[in-house]
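2 protein chains.
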Amino acid sequence: MTTKTVQDLHALGMAAQKASRELARLSTDDKNRVLLNLSNLLRTEQAEVLAANEQDYAEAKADGMEESYLDRLLLTSERLNGTADEVQRVAELPDPVGEVIETSTLPNGLITSRRRVPLGVVGSIYESRPNVTVDIFGLCLKSGNACLLRGGKETIRSNTALVALLRRALAAAGVTEDAVQYLDNPDRALVDAMLRMDQFIDLLVPRGGAGLVRFVAENATMPAVTGGVGVCHTYVDRNANLEMAAEIVHNAKVRRPSICNALDTLLVHSEVAAEGLPLIAKELTGSGVELHCDNRALSILGPDAPGTSLPAQEDDWGKEFLALIAAVKVVDSLDDALEHIETYGSGHSEAIITEDESAATRFLDEVDAAAVYVNASTQFTDGGQFGLGAEVGISTQKFHARGPMGLKELTTYKWVIVGKGQTRP
Amino acid sequence: MTTKTVQDLHALGMAAQKASRELARLSTDDKNRVLLNLSNLLRTEQAEVLAANEQDYAEAKADGMEESYLDRLLLTSERLNGTADEVQRVAELPDPVGEVIETSTLPNGLITSRRRVPLGVVGSIYESRPNVTVDIFGLCLKSGNACLLRGGKETIRSNTALVALLRRALAAAGVTEDAVQYLDNPDRALVDAMLRMDQFIDLLVPRGGAGLVRFVAENATMPAVTGGVGVCHTYVDRNANLEMAAEIVHNAKVRRPSICNALDTLLVHSEVAAEGLPLIAKELTGSGVELHCDNRALSILGPDAPGTSLPAQEDDWGKEFLALIAAVKVVDSLDDALEHIETYGSGHSEAIITEDESAATRFLDEVDAAAVYVNASTQFTDGGQFGLGAEVGISTQKFHARGPMGLKELTTYKWVIVGKGQTRP
Chain A
1 MTTKTVQDLH
11 ALGMAAQKAS
21 RELARLSTDD
31 KNRVLLNLSN
41 LLRTEQAEVL
51 AANEQDYAEA
61 KADGMEESYL
71 DRLLLTSERL
81 NGTADEVQRV
91 AELPDPVGEV
101 IETSTLPNGL
111 ITSRRRVPLG
121 VVGSIYESRP
131 NVTVDIFGLC
141 LKSGNACLLR
151 GGKETIRSNT
161 ALVALLRRAL
171 AAAGVTEDAV
181 QYLDNPDRAL
191 VDAMLRMDQF
201 IDLLVPRGGA
211 GLVRFVAENA
221 TMPAVTGGVG
231 VCHTYVDRNA
241 NLEMAAEIVH
251 NAKVRRPSIC
261 NALDTLLVHS
271 EVAAEGLPLI
281 AKELTGSGVE
291 LHCDNRALSI
301 LGPDAPGTSL
311 PAQEDDWGKE
321 FLALIAAVKV
331 VDSLDDALEH
341 IETYGSGHSE
351 AIITEDESAA
361 TRFLDEVDAA
371 AVYVNASTQF
381 TDGGQFGLGA
391 EVGISTQKFH
401 ARGPMGLKEL
411 TTYKWVIVGK
421 GQTRP
Chain B
1 MTTKTVQDLH
11 ALGMAAQKAS
21 RELARLSTDD
31 KNRVLLNLSN
41 LLRTEQAEVL
51 AANEQDYAEA
61 KADGMEESYL
71 DRLLLTSERL
81 NGTADEVQRV
91 AELPDPVGEV
101 IETSTLPNGL
111 ITSRRRVPLG
121 VVGSIYESRP
131 NVTVDIFGLC
141 LKSGNACLLR
151 GGKETIRSNT
161 ALVALLRRAL
171 AAAGVTEDAV
181 QYLDNPDRAL
191 VDAMLRMDQF
201 IDLLVPRGGA
211 GLVRFVAENA
221 TMPAVTGGVG
231 VCHTYVDRNA
241 NLEMAAEIVH
251 NAKVRRPSIC
261 NALDTLLVHS
271 EVAAEGLPLI
281 AKELTGSGVE
291 LHCDNRALSI
301 LGPDAPGTSL
311 PAQEDDWGKE
321 FLALIAAVKV
331 VDSLDDALEH
341 IETYGSGHSE
351 AIITEDESAA
361 TRFLDEVDAA
371 AVYVNASTQF
381 TDGGQFGLGA
391 EVGISTQKFH
401 ARGPMGLKEL
411 TTYKWVIVGK
421 GQTRP
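Protein chains in written order, with the numbering used here: chain A, 1 to 425; chain B, 1 to 425.
Hints were generated in silico from the structure; no laboratory data involved. Wrong hints could be hidden among the right ones.
Copies of one chain are not kept apart here, so a pair can be met inside one copy or by any two copies together.
[Unchecked claim] Below, a list of computed lysine-lysine pairs in the BS3-like style, where the Cα atoms sit at most 27 angstroms apart: (1) 18 <-> 319; (2) 420 <-> 153; (3) 153 <-> 408; (4) 420 <-> 18; (5) 282 <-> 420; (6) 61 <-> 282; (7) 18 <-> 282; (8) 61 <-> 18; (9) 420 <-> 4; (10) 153 <-> 282.
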C-alpha cells in the first residue's frame, strides 16, 4: 500500500516507534534468527527481487540513466548472495545491547551503572543501491532499532521486493514486521516531512553523494550522521621511506578511487620532492591517474610527463575527486603540511609517511580528523577494517561517533540506579 | 571592547577556534595551573567583581526584577568562595584528554586505537547566574576546549569582571587568553548569529529555563545539549515498602523542588493506595506540597485533606512544576504506570519503589529515560552524585551523552592508526 500523505508517513513512524520498544527487549538469539532467516531468503527467494529489479533497470535505462548509476542499481544473483553473506556476518557480531559500560557503588550504597540501549528508530535516506535496504535493516535490527527507509525513486520495485523478504524473515522468527517501514512514494514533499519527524526518528542516516548528505544535515531536525565526504591528504615527510610512500600513495588513490577514504591531495616535502615525486608519480600515472600539480611539482616532474599536463587550480585543493585524479603540492615543512590539511581537509582520513617518530607524533596529535595515519593507506578507514564488523556510515562530525559507525554507534545508554531507600541529603 | 557586529562575533569565534588548537595540546599540569590561579583570584580579587555585581543588581532591582531572579544574579564573597572551591575541585578531576579508549592490533599488523580529544569550541548561552561564566570555563578548559560565552543581559558587568579574572588566570599560566571569549553585547541578533556559527562552535550548551533550552535546540545549526527539563515520576508499586516510599517521595519532591530532577507526578498502585497514599501525602503536605490528585486519589485522601483540594487537570500530567506541587494518580498495574510514564515523561529521571525484583527489572528495562531508579530518590541525577565530579548540564537526548554531562562528555575521539607501510588489498 502506497504512502500517500504526510499522515500516512507519520503512521509509519508511529508503527516503527512502537516496534522499537519490542526490538529493544529482543534476545540476541531472536535477532540472530531474523538475520539468518533473511540470509537464507536472500539466497533462495531471489526470483521476485530480480524480476522487480529488472523492471527498475529497464525503466532507468530507458530514461537515459548513466552507466555507472545503472550499475549501482543492478541486482544479480551473485550480488544478492553477497548481501546474504553480509547479513550472516552481522548475525555473528556481538550484540551491543545490554552491555554494562561502567558500574560503581557510591559511598551511600547506591549502585550506578550505564547500560547500552538502542537509539529507537533509525531513519535512512539513500540513493540507487537497493542492497542498502538490507544493510541498514540488518545493522538496525542487530542493535535493537526499528528503521524507516526511503530509497531511491528508481529502485522502488526492487526495494519493495526486498522489504517483503525482510518482513518474511521477521515474521518467521515471531518478531513484529513493523520493525521495518518503507516509504514507497517518490514524492519529495514526503522526504521533507521525514526530515522533520523528530518525534519518531532518533537518528537519520543519509547514504549517497555529497549533495544528499548535505541536504539531510541542513534540513533534518533530528540528529543526522554527517559524513561520507572525504578530502584526504597523504603527506610524504622529508624522512619518509620513498618506496613505501609510492606504494601507500598508489594504494590510497588507485585501489578504489570512488570512495570517501581515497587520497585526493598528495603533499611532498621539498627536500625529498626531487627524488620522491617522480617515483610516486610514475606509479600513479602508470595506473591512469591524472595529476593536478602545483608549479613546484610540475617543474620537478617536467611539463611533458604523462598525465601531469594540468597545473593545479585553486579549487583542486579541498576537492573530493572520487576519480583517478590527484592534486599534488610541494611543501617546505611539516608545519606547512599541517596548515594545508587544516585549511582544506574535511576531517575524514589523513596520513603521514615518515620514519621520524617526532614528526609522526606531531601529525597524529595535531591533525583534527576522524582517522589519522602513520605509514599506512587511508583506504583502511572502514568499519570492517577497524574491527567493527560492519558500518552504517563514516562520520566526519565530532558528536556521538567519529569515523566508521558500527553497531555500538547505533546505541545510546541509560543510567541505571539501584538503591535501598536512599534519599539525597 | 564591545562586540558590535556579526563580524566582531565571528572574530571571537575565530579566536576561540585558534586557541582551541593550543588548548588541545596543553598538559594536564598547565590546565590545572590555570584553574588553581583562577581559584585563588576568585578568593583574593573579589572587589571589582562584587562592585560590578552591585551595579548589575541595583539596575535589575530598579527595573523591577523579581526577587528570585535577583537572588540568582547576586554575587557575595561567600558565593565567590564557593565558586573558587568548585574550580579547585575541577582541577583535581582526572584529565579526560589523551585517554586511549581502546586499542587493537589487526591481523595485518596495523595498530588502531581511539584517543580521546577535545571537541574544540564550546559555546554557552545562559541566563542570570554569573557563576555559570566560571563553571563553564573551568569544565571547558579542563577538557581542552575553548569557550565562547553569552550570559544574561542583566549581568554583563559581573560577567565582564569575571572574564577579566579568567584571562588573568590564563595569562599567569602562560596560556592564551583567547581560550575564553565573551559576547558582551545584549543584542538578540547576535545570539541568533551565534546559533548559526557552526563553522566555529562545536557544541552549544544552553543553561537556563525551558524556554531558552528549547529556543537553542530549535535554532542552533551545531549540536546542542538538549536537557534541563525533567518531568519526573515516582511509581509506588504494589509490593513497595510504604514507609520507604514516603521518605523517597518526600525527598524527591521537597529537597529542592526547583530543579529538573525533582518529582512531578506520583503514581501509586491501587492495591496499596488506601494504605500508602495517606502516609505519603501526610509527609508531602506537611512540607507544604500542594497535591493535584486524580479522582481515585482524591477519594482516598478525602476532599478535605489539607493541600489536596485541587483535582488534577489534564495538563497536570506531563507538567514540570519546579515548585512545591505534585500530581498524584492511582494506577492499576505496572503496565499502566509504564504507559503513563511513556506518554507524559520527558526522558529525564524515573523511579519505581518496590520490593519485587521482577517489577524492578521490568521498570529498569522498559522505561526509556536518561536515569531509571529502583528504591531511590530521583534527586540523585547529578554529575557530582554520579561520580563525574562536575557537570555542564543534564542531557535528555539520546545522542552523544545521556544524563549528567561531565568532562568526558565534552570530548570526542579520533582513530589513530600506526602502520609500517600497510596497503589495503
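Quiz prompt | Enumerated hints in conflict with the structure, sorted upward | solution = 2, 3, 4, 6, 7, 8, 9 and 10
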